[in-house]
Amino acid sequence: MRGKFLKVAVAATATAMLATACGSGGDSDNAGQAGGTLRVYNAEPAFLTPSGGDDEPSLYVIRQLYRGLVKYNADTSAVEMDLAESVESADQKLWKIKIKSGYTFDNGEPVNADAFIRSWNYAAYGPNAQNNGYFMKRIVGVKDLQPEDPDGDGPKKAPEPATKELSGLKKVDDLTFTVELDAPFSGFPTTIGYPGFFPMAQACVDDIAKCNETPIGNGPYKMDGSWQHNVAINVVRSDSWKGEPGKPDRIEYRIFADVDGGYAAFQANELDVMYTLPPARYKEAKQQYGDRMFEMAGDSFTYVGFPTYNDDFKDKRIRQALSLSIDRQSIIDAVFDGRNAPATGFVAPSFEGARENVCQYCSKDVDKAKQLLAEAGGWPAGKKLILWANAGAGHDQWLQAVGDQIKAALDIDYELKVNLQFAEYLETADKKKFTGPFRLGWGPDYPFLETFLYPLYGTGAGSNNAGYSNAEVDALLKEGDAAESMQAAIPSYQKAEDILGEELPVIPMWWRKEGAVYSENVDQFVWNKVADADYGATSLKKN
Amino acid sequence: MGRYVIRRLLQFIPTVLGTMFLLHYITSLAIQFSGNPVRALFGDRTPPPALLQAITERLGYGDPCLDRKGDPCLWRAAEDGGGLLGSGYELGLFFDRLHGIFFNFDFGINLRQQEVTDLVANAIPFTLKLLVIAIVFEAVVGIAAGVLAGLRGGSFLDYMVKISTVFVISVPIFVLGLVVREFVGVKFGNVLRGQDWIPDLISVGVFSPVFKPDYPLASLIIPGMVLGSVSLATTARLTRTSIMENVRADYVRTAKAKGLTNKRVIGVHTLRNSLIPVITFLGVDIGAAMAGAVVTETIFNVPGIGRLVTMSARTGESSVVIGVVTMLVLVVLLANLLVDILYAVLDPRIRYE
Numbered sequence: 001m002r003g004k005f006l007k008v009a010v011a012a013t014a015t016a017m018l019a020t021a022c023g024s025g026g027d028s029d030n031a032g033q034a035g036g037t038l039r040v041y042n043a044e045p046a047f048l049t050p051s052g053g054d055d056e057p058s059l060y061v062i063r064q065l066y067r068g069l070v071k072y073n074a075d076t077s078a079v080e081m082d083l084a085e086s087v088e089s090a091d092q093k094l095w096k097i098k099i100k101s102g103y104t105f106d107n108g109e110p111v112n113a114d115a116f117i118r119s120w121n122y123a124a125y126g127p128n129a130q131n132n133g134y135f136m137k138r139i140v141g142v143k144d145l146q147p148e149d150p151d152g153d154g155p156k157k158a159p160e161p162a163t164k165e166l167s168g169l170k171k172v173d174d175l176t177f178t179v180e181l182d183a184p185f186s187g188f189p190t191t192i193g194y195p196g197f198f199p200m201a202q203a204c205v206d207d208i209a210k211c212n213e214t215p216i217g218n219g220p221y222k223m224d225g226s227w228q229h230n231v232a233i234n235v236v237r238s239d240s241w242k243g244e245p246g247k248p249d250r251i252e253y254r255i256f257a258d259v260d261g262g263y264a265a266f267q268a269n270e271l272d273v274m275y276t277l278p279p280a281r282y283k284e285a286k287q288q289y290g291d292r293m294f295e296m297a298g299d300s301f302t303y304v305g306f307p308t309y310n311d312d313f314k315d316k317r318i319r320q321a322l323s324l325s326i327d328r329q330s331i332i333d334a335v336f337d338g339r340n341a342p343a344t345g346f347v348a349p350s351f352e353g354a355r356e357n358v359c360q361y362c363s364k365d366v367d368k369a370k371q372l373l374a375e376a377g378g379w380p381a382g383k384k385l386i387l388w389a390n391a392g393a394g395h396d397q398w399l400q401a402v403g404d405q406i407k408a409a410l411d412i413d414y415e416l417k418v419n420l421q422f423a424e425y426l427e428t429a430d431k432k433k434f435t436g437p438f439r440l441g442w443g444p445d446y447p448f449l450e451t452f453l454y455p456l457y458g459t460g461a462g463s464n465n466a467g468y469s470n471a472e473v474d475a476l477l478k479e480g481d482a483a484e485s486m487q488a489a490i491p492s493y494q495k496a497e498d499i500l501g502e503e504l505p506v507i508p509m510w511w512r513k514e515g516a517v518y519s520e521n522v523d524q525f526v527w528n529k530v531a532d533a534d535y536g537a538t539s540l541k542k543n
Numbered sequence: 544m545g546r547y548v549i550r551r552l553l554q555f556i557p558t559v560l561g562t563m564f565l566l567h568y569i570t571s572l573a574i575q576f577s578g579n580p581v582r583a584l585f586g587d588r589t590p591p592p593a594l595l596q597a598i599t600e601r602l603g604y605g606d607p608c609l610d611r612k613g614d615p616c617l618w619r620a621a622e623d624g625g626g627l628l629g630s631g632y633e634l635g636l637f638f639d640r641l642h643g644i645f646f647n648f649d650f651g652i653n654l655r656q657q658e659v660t661d662l663v664a665n666a667i668p669f670t671l672k673l674l675v676i677a678i679v680f681e682a683v684v685g686i687a688a689g690v691l692a693g694l695r696g697g698s699f700l701d702y703m704v705k706i707s708t709v710f711v712i713s714v715p716i717f718v719l720g721l722v723v724r725e726f727v728g729v730k731f732g733n734v735l736r737g738q739d740w741i742p743d744l745i746s747v748g749v750f751s752p753v754f755k756p757d758y759p760l761a762s763l764i765i766p767g768m769v770l771g772s773v774s775l776a777t778t779a780r781l782t783r784t785s786i787m788e789n790v791r792a793d794y795v796r797t798a799k800a801k802g803l804t805n806k807r808v809i810g811v812h813t814l815r816n817s818l819i820p821v822i823t824f825l826g827v828d829i830g831a832a833m834a835g836a837v838v839t840e841t842i843f844n845v846p847g848i849g850r851l852v853t854m855s856a857r858t859g860e861s862s863v864v865i866g867v868v869t870m871l872v873l874v875v876l877l878a879n880l881l882v883d884i885l886y887a888v889l890d891p892r893i894r895y896e
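These protein sequence lines map, in sequence, to chains A and B.
For what it's worth, our numbering labels the leading residue of the first sequence as 1, then goes sequentially.
For what it's worth, our numbering labels the leading residue of the second sequence as 544, then goes sequentially.
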C-alpha cells in the first residue's frame, strides 16, 4: 500500500491514461465520439434567455441551448449559415433572411420567421428591460420601443412605448422575413450570430420567468431539470436538434462564486474545462498543465483614451508623444506575467482585415516623443497629468507604470485618479468629464472590423468616450458600411483605421490573452475565435 | 415567562427598524456616491439612455433621491403637489421598502430580476446545514476538550488543550479556509482519490476542495468544521474554566458526600451548571458564525446566504443586502432569546416573571 501511496500524485490520471491507450488502438475517426459528461467551470449567469443574457457565463450556456441564423467558424471566425438558408441584401439596408425548414424548439414549436421576430421585438421593447435591447439599435423603429423621458430629468418615469413591434421587421412567409436597418450596414450578417439575435418560442415569451429557469431552446442541447441557481446547470443532448449533434452526451456547468474555488475543483479533477484562470495561478498552471493549457491572443482590448474635448489633448502631437513614451511589453511582463499582447492597431489581431503596426506611435521612442512634444509647444508647466481608472479592479498598478514611464520620458508629473467605483466611473465617461487620459476597454459584439471602429471613434457614437470626431473617418466608415459585401468593406475600414493610427484618439495598450485549461479526460478542446470555448464541439476520451 | 417573551418580542421592533434604516441609508449612500449600479451592468458598452432608464426603473433604482448625495430617501415631493397632510411631501423610498417587506412580503429583486425571497429560499438550506455542522462540531469537540482539561487541571491533557486552542484562535478564518482548501481538499484529497479502497463518499465527497452538488451533505463537512473551529477554542476554554470553578463548589462537595457516583456528580451536577456560560456563548456565536459563513461559504463555494451577501455587496445590490441582512438580524435576535429561555431550563434558580 505504501508504494502505491507514493505514486498518488499521478494516480488520479491512471484511468485516463488507460483510456488513451485503449483509444489509440481503435480507429481515429471515432475518437471524439465518445459521448460522456463534460464538466465545466462557470460563474452564475445573469439570464438564460437570448434577450437577457449578455455576460460571459450566460452566453456559454445560451450558445449550447439555442442556435441562431448564422454561426462562426472556429478557426477563421468566418460567418457560416446555421439556421438560415440565406441572408441577402441588394442595398445593405433591407436584408432578406430565409430560414431552413424543419427546425423546432424543445417544446415542439417550429423555428420560423415569427420565432425570430418575436425574440427581437421582445428584446427591443424598453419596458421588458432586456440587456440585449442594446443590440437591436440598428433596426428601424427601435426608437419607438425605447422612448426617452421627455423632461430629461427625474422622476425617471419613461413613457409607455406606443408600439411593441419593430417596424423594420416584416414577415414575408413562414420561413422568410425582412429586416430594415436605419442605415446600410454590410456587416449585418456577422451581427446575427450573437445570442441576442437567437429565436425564442412563444411559450417562452408568454412566461419569461419560467423560461429563464427552464429554457426552451432550439439548439443541440436541452435542459436537464431546471437552473439550480448558484449550484449547477445541466444540459443533455437534444433529440429535436436537426443539425450537427453535440459531442458530449451531457454538459454540466458547475457554478462558482470566484475563479479560485473553481481552480481548486479543477485541480481535484472535478472539472474538465476552465475557460479562465485565476491570474495569480497562471504561471503555476502553465508549468503544471503545459500542453493542456490553451492560450490565444484574444479580442479584448484595453486602451487609454484621451479626452479630446479637453484643451490639453486637442493637439494630436501631444497624444502621439504620450503614446511614444510607453513601453507596453515591459508593463505586460512586469504587471501581468506576460498575459497580454501589445496592441499596435485598433482591430483585434484575430479579425479578418486586421494588420500589425497600424499605429506608428505605439512603440517606445523617447527622442521622437520629446521632439513631438516640443513641436506642440510642450506640456503646460507645473500642470499634472491626471490618469483615470476605476477603483478596485486592479488597474492602479499598470496605470502607475504608464505614469512613471511618461514621467521618465517627458518629465511630466502625473497623478492617479483611481477612487471612482465602476458605475460612477462609467457615468463620468458618459458625461465626458474626464480631465486626463482614462483607462477603458472594449470587446467586439461580432467578428467584423467595424465593431472596433464606429462604436469607439464614430462621431457621436455610444461608446466614443474620447469625444473624438473626424469627418474623414466618419465618411470612410459609412463607405465601408455601404459596401456591397463584407470583403469589399474591409479596405474602407482599414483606411479609417490608418487615420486613427495617426490621430490617436486613444492609446492602444494591449489585447488580453485568453487562457483555458482542460483535464486529461478531454480528447479535443475546441476554442471558437468568436464564441470562445465551444463545449458542444469539445470531445471527451473514450473510457 | 409569557410576559417576558412578549416584552422581548416587542423589543425586536425598534431593533429591526433601526437596522433596516441603517442598511437602507448605507446602500443609498453607496449609490449616491458611487453611481447607478445598472450602468455598471453594461460596462464598456454605453447603453441608449432610454434603455438604461427603463432597466434602472425596473430594478428599483429609479428614485430621484438616489441622485442626491446624502439624501436619506425618507421623503419625496408628492407628484400631485398635495402629499401627506398637505405638506407637499409624501413618504419616500425607505417607507416604500418597509411597505413592500412587511405588507406584501416583497423584498424586491436583484440586478438579475430574481426575487430576493427566492434567492434566500434557495440559499438557506445550505447555510443551515453548514451552521448545524459547525455548531455541533464546536459544541461536541469544544465541550469534551474543556471537560477533560478542566477535570485534570495542570495535566498534560490540559496543556495540550490550552496550546492547541491558542493555535486555532490565532489563525483568522480566511487563512484557515484557504489553507484547508488547498492542502486538505486539493493535495491530501488527490492522494485519497488515488486510492481505490477508499469509498467515493470520503475521497470525492468529504474531501472535495469545494462544495459539490453530487455530495450535498458530505462536501459540507469540512467547510462546517472550518467554520466551527474558530469558536471551538473559546468553547473549550470557557468549559474548562467553568468546570474548574464548579468542581470546588459546595453543592458538588455535597453531592460527593451523599455518595453519588462520580459519573453523576460530573455529568449532572457539575457539567449542567458549568454549561451556562458556554450556552450563552454558543447562542451569541450563531451570529458570529453567520459572519464567518460569509467568508467560509465564499472560499468553499457553498451557495448559501453568506456567499449571497458577498456577491450582492460586491455588485451593490441594495435590495438583496437589505433583505438578507434584515433576516440575519432576526435570526440573531431569536437565537439570543432562545438562549435566555434556556438559562431557566438549565438553572432552576433563574426565573422570568
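Hints were generated in silico from the structure; no laboratory data involved.
Quick reminder that beta carbons are idealized off the backbone N, C-alpha and C, glycines included.
Careful, some of the hints might be misleading.
As the list claims (entries may be wrong) - Restraint-style ranges between C-beta atoms, simulated for each label pair:
hint, chain 1, residue 1, chain 2, residue 2, range
1, B, F645, A, E244, 25 to 35 Å
2, B, P759, A, G392, 51 to 61 Å
3, A, E502, B, A834, 48 to 58 Å
4, B, P759, A, G108, 28 to 38 Å
5, B, E658, A, G443, 24 to 34 Å
6, B, M544, A, T37, 51 to 61 Å
7, A, A297, B, L873, 34 to 44 Å
8, B, P715, A, Q397, 42 to 52 Å
9, B, K730, A, T37, 52 to 62 Å
Each hint tested on the structure:
no.	hint	in the structure
1	F645(B) <-> E244(A): 25 to 35 Å	violated (55 Å)
2	P759(B) <-> G392(A): 51 to 61 Å	violated (33 Å)
3	E502(A) <-> A834(B): 48 to 58 Å	holds (57 Å)
4	P759(B) <-> G108(A): 28 to 38 Å	holds (34 Å)
5	E658(B) <-> G443(A): 24 to 34 Å	holds (31 Å)
6	M544(B) <-> T37(A): 51 to 61 Å	holds (57 Å)
7	A297(A) <-> L873(B): 34 to 44 Å	violated (52 Å)
8	P715(B) <-> Q397(A): 42 to 52 Å	violated (25 Å)
9	K730(B) <-> T37(A): 52 to 62 Å	violated (25 Å)
Hints 1, 2, 7, 8 and 9 from the earlier list are contradicted by this structure; the remaining hints agree with it.
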